[in-house]
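Once you have looked at the hints, place chain B on chain A.
So you can see what is in the structure, the chains are spelled out below.
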Amino acid sequence: EDKVVQSPLSLVVHEGDTVTLNCSYEVTNFRSLLWYKQEKKAPTFLFMLTSSGIEKKSGRLSSILDKKELFSILNITATQTGDSAIYLCAVEYGQNFVFGPGTRLSVLP
Amino acid sequence: DTEVTQTPKHLVMGMTNKKSLKCEQHMGHRAMYWYKQKAKKPPELMFVYSYEKLSINESVPSRFSPECPNSSLLNLHLHALQPEDSALYLCASSQDVLGAPGELFFGEGSRLTVL
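Protein sequence lines, in the order shown, are assigned to chains A and B. For the first sequence, my numbering assigns the number 155 to the last residue and increments by one with no breaks. For the second sequence, my numbering assigns the number 174 to the last residue and increments by one with no breaks.
Source of the hints: derived by calculation from the structure; they are not laboratory data.
The list that follows gives simulated cross-link-like pairs (lysine to any residue, SDA-like), each with its CA atoms no further than 20 Å apart:
hint	chain 1	residue 1	chain 2	residue 2
1	A	Lys102	A	Phe117
2	B	Lys95	A	Ile132
3	B	Lys99	A	Leu57
4	B	Lys100	A	Asn142
5	B	Lys99	A	Ser130
6	A	Lys83	B	Arg170
7	A	Lys83	B	Thr64
8	B	Lys95	A	Gln141
9	B	Lys99	A	Val153
10	B	Lys77	B	Glu143
11	A	Lys83	B	Ala98
12	A	Lys86	B	Leu147
13	B	Lys78	B	Gln141
14	B	Lys99	A	Leu55
15	A	Lys87	B	Lys68
16	B	Lys97	A	Leu55
If we strip away everything but chain A, and leave its shape as in the complex, we get (with noise of 0.2 Å):
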């Protein structure tokens, strides 16, 4: 069965730590990896990733993609308390994007 998994599920840092969020996933006709944060509302684009080895940067933002390993990770440095989100990872296969359950992330000031 098809499926992403998401680690930690829920994360408690402080302003200005480092932290790493871990997707792994399990699918046939792999098209492409991308990452969504979420507050309350509807989840907005972070990252697009199709091939492995090339990271993606954006600001405080980065993410990289291991098609061996069928993983990725987004990594935000400096965190900030608006950093405060669910981040969930989607895999596009076929014509179908399946989500991971997300991580919970808290930045306390």
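Showing chain B alone in chain A's frame:
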């Protein structure tokens, strides 16, 4: 225009009501999706339309009836819902070019409460 627009944002309905959720995108995307999201859970796929044809139905009860009138519009007709159907209903779209990966664009969601 990189938006997916959903209406209404909030809906309260009784178990005997018939209502509809609407979704619109003008990005030329050919795949449109309905996801259901319960509190503290990830979005769960309900339906996928590709080129205006229903391509995936994730065993959703018949009290939910999707409709894709054209490539820009997606509806979800609701009838005889149960209180456990209360959730955030998210519409999304993607380019759906075969063989090419694509980002999933979400609308802001319709928060449904069934009394």
